[in-house]
Amino acid sequence: MDFSDIVSNALRSGIGPIAAVYALAAMGLNLHFGYTGLLNFGQVGFMLVGGYGLAITVSTYDGPMWLGVLGGIACAIVLALLLGLPTLRLRADYLAITTIAAGETLRLFYRSSWAEPVTGGVFGLQRFANDFYALNPFEPGSYGVWLVRFGSRDLWVMTVGWTLVLLAGILLALLIHSPWGRVIRSIREDEVAGRSLGKNVYAYKMQSLVLGGVIGAVAGMMQAIQVQSVNPDSYDPAVTFFLYTLLVLGGAGRILGPVLGAILFWFVLSFLDSALRQAINADYISPDLISTSEVGAVRFALVGVALMLLVAFRPQGILGSRKEMLLSGR
Amino acid sequence: MRHQRMLVPVLALALVMLPAISARAQGGEVPRGPTFSARALQALIDGIQFGVIIAITSVGLSLIFGTIHLINFAHGEFVTIGATFAFFLNVSAAGPGWHLIPAALAAVVFGALLGAAVDRGIWRPLRARGTGLINMFIVTIGLSLLLRHVVLVLYGTRPASYAQYDIQSTVDLGPAGITPRDLTVTLLAVLVLLGVAALLQKTRIGTAVRAVSANRDLAEASGIDVQRVVLFVWMLGAGLAALGGVFFGLVEIVTWDMGFKLLLLMFAGVILGGLGSAYGAMVGSLVIGIVAQMSTLWFPVDLQYAWALLVLIVVLLVRPQGILGRAERVG
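These protein sequence lines map, in sequence, to chains A and B. Going left to right, the first sequence walks through residues 1 to 330 as our numbering numbers them. Going left to right, the second sequence walks through residues 331 to 661 as our numbering numbers them.
Simulated from the structure, these hints should not be mistaken for lab results. Don't take every hint at face value.
Below, computed lysine to aspartate or glutamate pairings styled on EDC-like, alpha-carbon distance capped at 16 Å [unchecked claim]:
id, chain 1, residue 1, chain 2, residue 2
1, B, Lys-591, A, Asp-236
2, B, Lys-591, A, Asp-233
3, B, Lys-591, B, Asp-632
What the simulated footprint calls covered on chain A by chain B, stretch by stretch (three residues with Cβ under 8 Å from a Cβ of chain B suffice, anywhere in the stretch; the number is not a length) [to be verified]:
id, segment
4, 109 to 123
5, 236 to 245
Cβ atoms here follow ideal geometry from the backbone N, Cα and C, with glycine treated the same way.
Chain B extracted, bound-state conformation:
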């Protein structure tokens, strides 16, 4: 069992290193176009960027699971709503036409309020009624269908971009490159993740969140207001998801079903890292982002999400509790 623990990190590392090693083997044999090592470096940069965006959105999914053991299928819709709400404030003819930065901040606040609203309006009454977890799980599917199609009606099917930072020239980083926009998004996302980690480690509410995740009954008996913690987790998770949506819309494009597409990658990241562990979700998402982008070095681009999802299934075979999760055997 002990050596199995190392298997996943080693596999992940090998996957990251493989392009570099094989690139060295190929060294200089490709005269035209970017060399393999340049393409690999570019894919790695894109992968890290994609990974941290998934990480921002998936932390909430993992925290919500950690505190109330609910898998929230509607989490992807928080992402879409964040992106489309910012779009409304930023670009839409009916909106106020704000600059993207205040629009993004407003979207995060809106996301957090939405998280609070669903906790107070739906989950808390259901918890009070003693509704089973599986039933609540199916309610999240209903919520997902509702929110997704409301967005579809309000936003429409057409993909669109934000008004600012749309087209930028690339800054060269040796053989690879990144636009200032993507670099900023990546750095901001890393900062936000560090901020969430600090919040969980240093603050009272963060300690309370960890306490409730570790043992809900014990936390409640120690005088922690579990309902308040759960409300906070919903607001934090939904707010982060909304921010991730704006980032994803910024580096890619805003569509009505972007969150649902991202949801499966979030699941992959969360399971890879260990269901219920916030740090696991960050690490797992990063790996998923890198796998998705790196796969394009060998396989068609239209399969990049499929590889990331296959990683999920392989991880379940080898180490179901994930990289940072605790082993918990049920059957």
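Pulled out of the complex, with its shape left as it was, chain A reads as follows:
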């Protein structure tokens, strides 16, 4: 077994572009779930409209990229309003079911043959981010220290991705420590108390849903840019579940929770993947037990176990405070 290879893969995943995308999407989710107590199980739907908003504008209609970015953000705002209007007055679990259904409905619509002229159907859309890569200031080649090396393209996506994470973090920190932030946290703790103080709880929840959704949409754009393609099947509902896992791991209701969670999540996932594959190839694990083609499924099963154990034994995650995260129900 080649340990330096395993560690190098894990480190590259932990700080790579995908970790930045997940950190950003989870920051939006953190605003919903961690700060406002909204159970949004359709964050992947916001990522989808963001990614497709960009891809469709540029690829299908030959529009400029900045218009695509605006389009994606506009789609996310509309989606948040559509989801929030009927459900935010109801109990929390209605939002959960509606958002997961909406995410899946969007995926089915975008991949249908009916929408194929616009969305590319099951094939998706490709090569719409050339303008983004044209701005790449890094000369072609490989950059890095020790075991961790990235190509110039990945480095450029990472730079922009982590910069967005930083900006979103600063924005959220300012918001959370403002009067607005105090209101949404009070809604999480006790909605009735917030209402009795004359706050329009519904409006605050809606603002939180829209803002977190827009952050999710920007994450979706970065993901689409990183692979230069959008495909309906990469917006599986499981993506939202992974976001919850890393959020609970890092600590919901903490600005740095999703960032730490995303880094650790991808580090561990990639570590398990490489280690399992190498162990099977080196015959430490019998291929009859797990074959290399099943490694992907095994590591996701382990993600499920980790999520259950975390919520049962350390619901506040690594950074959170237990007192704040005793989510009680409604």
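Place chain B on chain A using the hints.
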């Protein structure tokens, strides 16, 4: 408010009647292929068949919500496990190669035992620790991820059919048709649903389940062993889900993610009928099944599930407590 109550049933009825009415308007204008009314009748039959299968699986989801207020995201996995366990007994090279009927019965028992195991092994300890409902809700997601990927490893990604009743010729029912297999499945599913209703209405344990759903504290104070009722509900729900999985695998195909796909339709049915009401889940699921199949008359087949999910969102706008649910305003 009063007239709004009628809106959803009327809409559902209109949706069912629409094809028949428009078919009459078109009457006989299509010389080749089946007429619109024939296609509509066929879609209605398919819809009822699909609807009762969703109903069998969603009753458990609704009962579990009714008794412990937990939305079980892992319920779809019970469906998949039922279908794949029967597949293992029935077809798999490593299995005993049983006939499908005993294999299906064994799958139901296995499902019920699995339901009991998760209640005793996971939910009961969590309840004892005083874990919040939202946290338990996230635990069901972890359980769903775990079970789904374990099935993926054991079963693989390839869709497959059971050994028996695979290919059958259609029996004509006027302009439409149904295979004996699908007819049997539909009738069996209806019988099972009637059986569940009788169980809830007539038996002691059924009364206890309804009592716990209506008011848990009062039921507990009246001497009902709530833990036992909850255990029973988990076994009943998971067993029914496993049976629904076998039925769904029989009329469609067995895949590793079939339960998760069905889960969203179950949610739609359960919410449409009224979250927590077992009869509501049955009615709502039937409507969802019919909507999904009927939509293919006008729209592409690959969107049929999407329409069913859109119905869910529309219902939440108009009547969030569902057809048979009680109004409960929170915010």
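How the hints compare with the structure:
no.: 1; hint: B:Lys-591 with A:Asp-236; in the structure: 11 Å, holds
no.: 2; hint: B:Lys-591 with A:Asp-233; in the structure: 13 Å, holds
no.: 3; hint: B:Lys-591 with B:Asp-632; in the structure: 13 Å, holds
no.: 4; hint: 109 to 123; in the structure: holds (count 5)
no.: 5; hint: 236 to 245; in the structure: holds (count 5)
Of the hints listed earlier, there is not a single one the structure fails to meet.
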